[in-house]
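K.L.:
Given chain A, put chain B in place with the hints provided.
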Amino acid sequence: MTAGDRLVVGVDIGNSTTEVCLAVLGADGGVRYLGTALTRTTGVKGTPASTEGALTAVRRALSDVRRRPEELDVVLLNEATPVISGLAMETITETVITESTMIGHNPATPGGLGLGVGTTVSVADLAEHPVDEPAVVVVPPGWDFDDVAAAVNAAVRRGLPVVAAVLAGDDAVLVSNRLDTPVPVVDEVSAVEKVPLGMRAAVEVAGPGRTIRTLSNTYGIATVFDLDPDQTRQVSPVARALTGNRSAVVVRTPAGDVTDRRIPVGVLELRGAGRTVKVDVDAGAEAIMEALARVQPLEDAHGEPGTHVGGMLAAVRDTMADTMDDGEGVDPGDIAIRDVLAVDTFVPAEVRGGLAGEIALENAVGLAAMVRTSRSRMKAVADRVAGALAATTEIGGVEGEMAALGALTTPGVRAPVVVVDLGGGSTDAALLTAEGTSTAVHVAGAGELVTKLIDSELALEDREVAELVKRWPLAKVESFFHVRHEDGTVQFFDEPLPPHVFARVVVLTEEGPIPIGTRHTLDHVRRVRREAKRRVFVVNTLRALRQVAPGGELRQLDFVVLLGGSALDFEIPDLIADALAGHGVVCGTGNVQGDQGPRNAVATGLVAAFAARPS
Amino acid sequence: MEKPAIVLHHARCAPAAVLREVAAGAEEEGVPLRVQAVSGDGEVELGHTAALDSRLSVGVGVSAAGGVAVHHAQLPADRPALSVPDGEAPDWRRAGRVAARVVTGLPLV
Chain A
772 MTAGDRLVVG VDIGNSTTEV CLAVLGADGG VRYLGTALTR TTGVKGTPAS TEGALTAVRR
832 ALSDVRRRPE ELDVVLLNEA TPVISGLAME TITETVITES TMIGHNPATP GGLGLGVGTT
892 VSVADLAEHP VDEPAVVVVP PGWDFDDVAA AVNAAVRRGL PVVAAVLAGD DAVLVSNRLD
952 TPVPVVDEVS AVEKVPLGMR AAVEVAGPGR TIRTLSNTYG IATVFDLDPD QTRQVSPVAR
1012 ALTGNRSAVV VRTPAGDVTD RRIPVGVLEL RGAGRTVKVD VDAGAEAIME ALARVQPLED
1072 AHGEPGTHVG GMLAAVRDTM ADTMDDGEGV DPGDIAIRDV LAVDTFVPAE VRGGLAGEIA
1132 LENAVGLAAM VRTSRSRMKA VADRVAGALA ATTEIGGVEG EMAALGALTT PGVRAPVVVV
1192 DLGGGSTDAA LLTAEGTSTA VHVAGAGELV TKLIDSELAL EDREVAELVK RWPLAKVESF
1252 FHVRHEDGTV QFFDEPLPPH VFARVVVLTE EGPIPIGTRH TLDHVRRVRR EAKRRVFVVN
1312 TLRALRQVAP GGELRQLDFV VLLGGSALDF EIPDLIADAL AGHGVVCGTG NVQGDQGPRN
1372 AVATGLVAAF AARPS
Chain B
7 MEKPAIVLHH ARCAPAAVLR EVAAGAEEEG VPLRVQAVSG DGEVELGHTA ALDSRLSVGV
67 GVSAAGGVAV HHAQLPADRP ALSVPDGEAP DWRRAGRVAA RVVTGLPLV
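Which chain is which? The protein sequence lines are A and B, in order.
Here the numbering used here is used: the first residue of the first sequence is 772, the next is one more, and so on.
Here the numbering used here is used: the first residue of the second sequence is 7, the next is one more, and so on.
No lab work stands behind these hints: they were computed from the structure.
In this text the structure is predicted, and so the values were computed from the model without any measurement.
Each residue gets a CB set at the ideal place from its N, CA and C atoms; glycine is no exception.
A couple of the hints might just be wrong.
Covered stretches of chain A, as calculated for chain B (at least 3 residues, CB under 8 Å) [to be verified]:
{"hint": "1", "segment": "980-988"}
{"hint": "2", "segment": "1246-1258"}
Calculated pairs, SDA-like style, for lysine to any residue (alpha carbon to alpha carbon, straight line, at most 25 Å) [as the list claims (entries may be wrong)]:
{"hint": "3", "chain 1": "A", "residue 1": "K1247", "chain 2": "B", "residue 2": "G36"}
{"hint": "4", "chain 1": "B", "residue 1": "K9", "chain 2": "B", "residue 2": "L112"}
{"hint": "5", "chain 1": "A", "residue 1": "K1247", "chain 2": "B", "residue 2": "K9"}
{"hint": "6", "chain 1": "A", "residue 1": "K1247", "chain 2": "B", "residue 2": "A79"}
{"hint": "7", "chain 1": "A", "residue 1": "K1247", "chain 2": "B", "residue 2": "Q80"}
{"hint": "8", "chain 1": "A", "residue 1": "K1247", "chain 2": "A", "residue 2": "L1231"}
{"hint": "9", "chain 1": "B", "residue 1": "K9", "chain 2": "A", "residue 2": "E1249"}
{"hint": "10", "chain 1": "B", "residue 1": "K9", "chain 2": "A", "residue 2": "L1231"}
In isolation and in its complexed conformation, chain A is listed as follows (with noise of 0.2 Å):
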């Protein structure tokens, strides 16, 4: 280090990371950079907390070229980008049985095949049913197969016509095998105390790899049950709740009704560009997103009170209010909303009065939004780093621009360029033209939103794990010494991988293999995954490229470079790439400095802005 050279440091404090860039100033204006260093961020960004991280990576940052903190002339730190993001999600359908009329499950192994129809009665007062009435049995839970068996051949031998069983225990195999008449037989019952006796009920097993053909369908039911077209009309979603299964129990009771209504969902009021637009929030996410196009610029959005939409909004409100509090206490009704995404979405849910745990696939709105705070609160930050290492501290520059000019350390690229950052509650765009001006957006909607789908839509309920899906690429576990990756390739395992991911997907992780507590099959597990990243990232990535764009035309843009942690995704950056390839624009993932991948753009650009200004 030569006289006149300056040692500084550049810090951005992350939602997540703490980024660092140490370089050396040249008396001639020149760069030279000399290390990097990252850490997780201590306590909510810009609180007082987040110092600690901060001054751990400027440390490492230091040792690691040697160099010791008094040496350092300029702390530099970011002003965060002033934006605030939260989520919700309400279901608009949903499917209730009032009366138990339906068992619509997949039992792995059902017994017997084809359709049975008869009068429900317990196998304990089968010895007393009329010989002229068909039966379908009905076995509580703790009968053994050898018992349930023989009451049937018993009762069968007596002359009466028994023609179908449902049984609580899992064991229609056993059962069936046993019976000198085959019947259709389903099993896994769980509230088998809950199906009616003396009713009516219909009983249908489809062979290995078939689905049901008569209660699946509509007027099957209406033939079975013998139904007047208004009667038929009140069963039809007990039809479609039943589509795709191997077997399925209808029973007929005379107040038996299954609705499948819509939650008055609300309108969204969306405020902006000097008029009000609503929505129905029903009318699905395309809807929503083209009435925020026609209010551009977004002012504020309000969802009608005592309504769905309201609640969801009062509620990203009241953690936005948290978020942002420093002490003097924040009025959630004093928050903008900014902008907002919309994603149509479905989560399975438990059908209310089933008998069986029965699922079915409701619609559901998605909501990202977003808020912009004009609160500097790096000035605290920036005390006590000052403070601790004895040094002159900056807070500088919008965000966007800084990132901008980090990304233009990425070989191959020259302003103008687009910077996209990927993050976790927002999508940030900013563009640096040639001259040096710099335009920045923000979208709402990044990361936590793509979780939230897949955690939903695959019906986890557990955020951990649905992180792991959306990070990891998937595999099934074919032996205890093989796995088939999720792009068909098969890798083999010296040690036996542990029986309890035998057979399953499972995400492969650096610790190994996590397995995905799920029925579905890697192909769906695979899709959700891809179509929650595309309907987010992607979605969003050109919603802010038009933003920015010359004219909101994307064929203006020259160069655009993908940073944040999204950008390390395996699959996100080939997805807008594809999208964006018809647009003529240069797109990829950012290497800062020539090494450091998509990370580090913000502390890098204030080094560089701080080396471009005249001192």
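P.N.:
Just chain B now, kept in the frame of chain A:
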């Protein structure tokens, strides 16, 4: 040549109730089971020799004390796919199902 089946090796005085439930578990999953009384004891060891004897490479061992182990011929002798040294009827039934599921390539219940 023997038909393809899971092979169950049990100690001569293994409890009949255990054998019944294991057999029921395999039957429910639709995989044939061949039962053989052998000299020797220790469910894991019995299971492993049974697996080596099975054309499907899957074996079940039942000890005199009623312990059950499910084994695969390719697994190390001391590392069974499932071991139930001291269980109840549902555990024995489950062992039979697990053996069948190793054959059919379904997740072990």
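K.L.:
Quick check: do three or more residues in the segment 1246-1258 of chain A have a beta carbon closer than 8 Å to a beta carbon of chain B?
P.N.:
holds (count 4)
K.L.:
Check whether the Cα positions of K1247 of chain A and Q80 of chain B lie no farther apart than 25 Å.
P.N.:
holds (19 Å)
K.L.:
Holds or violated: are the alpha carbons of K9 of chain B and L1231 of chain A at most 25 Å from each other?
P.N.:
violated (41 Å)
K.L.:
Is the Cα-Cα distance between K1247 of chain A and L1231 of chain A 25 Å or less?
P.N.:
holds (18 Å)
K.L.:
Given the hint that K9 of chain B pairs with L112 of chain B, does the C-alpha gap stay at or below 25 Å?
P.N.:
holds (21 Å)
K.L.:
Tell me if chain B covers the segment 980-988 of chain A under the three-residue, 8 Å CB rule, please?
P.N.:
With 0 residues in contact (Cβ-Cβ under 8 Å with chain B), the coverage given for the segment 980-988 of chain A is violated.
K.L.:
Sort out whether K9 of chain B lies within 25 Å of K1247 of chain A, counting only the CA atoms.
P.N.:
Not satisfied, since the Cα-Cα distance of roughly 29 Å exceeds 25 Å.
K.L.:
Does the structure keep K1247 of chain A and G36 of chain B at a Cα separation of 25 Å or less?
P.N.:
holds (23 Å)
K.L.:
Sort out whether A79 of chain B lies within 25 Å of K1247 of chain A, counting only the CA atoms.
P.N.:
Given that 25 Å is the threshold and the Cα spacing comes to 21 Å, the pair holds.
K.L.:
Take the C-alpha atoms of K9 of chain B and E1249 of chain A, compute the straight-line distance between them, and say whether it is at most 25 Å.
P.N.:
Holds - the C-alpha atoms of E1249 of chain A and K9 of chain B are around 24 Å apart, at most 25 Å.
Hint check: violations occur at hints 1, 5 and 10; the rest are consistent with the structure.
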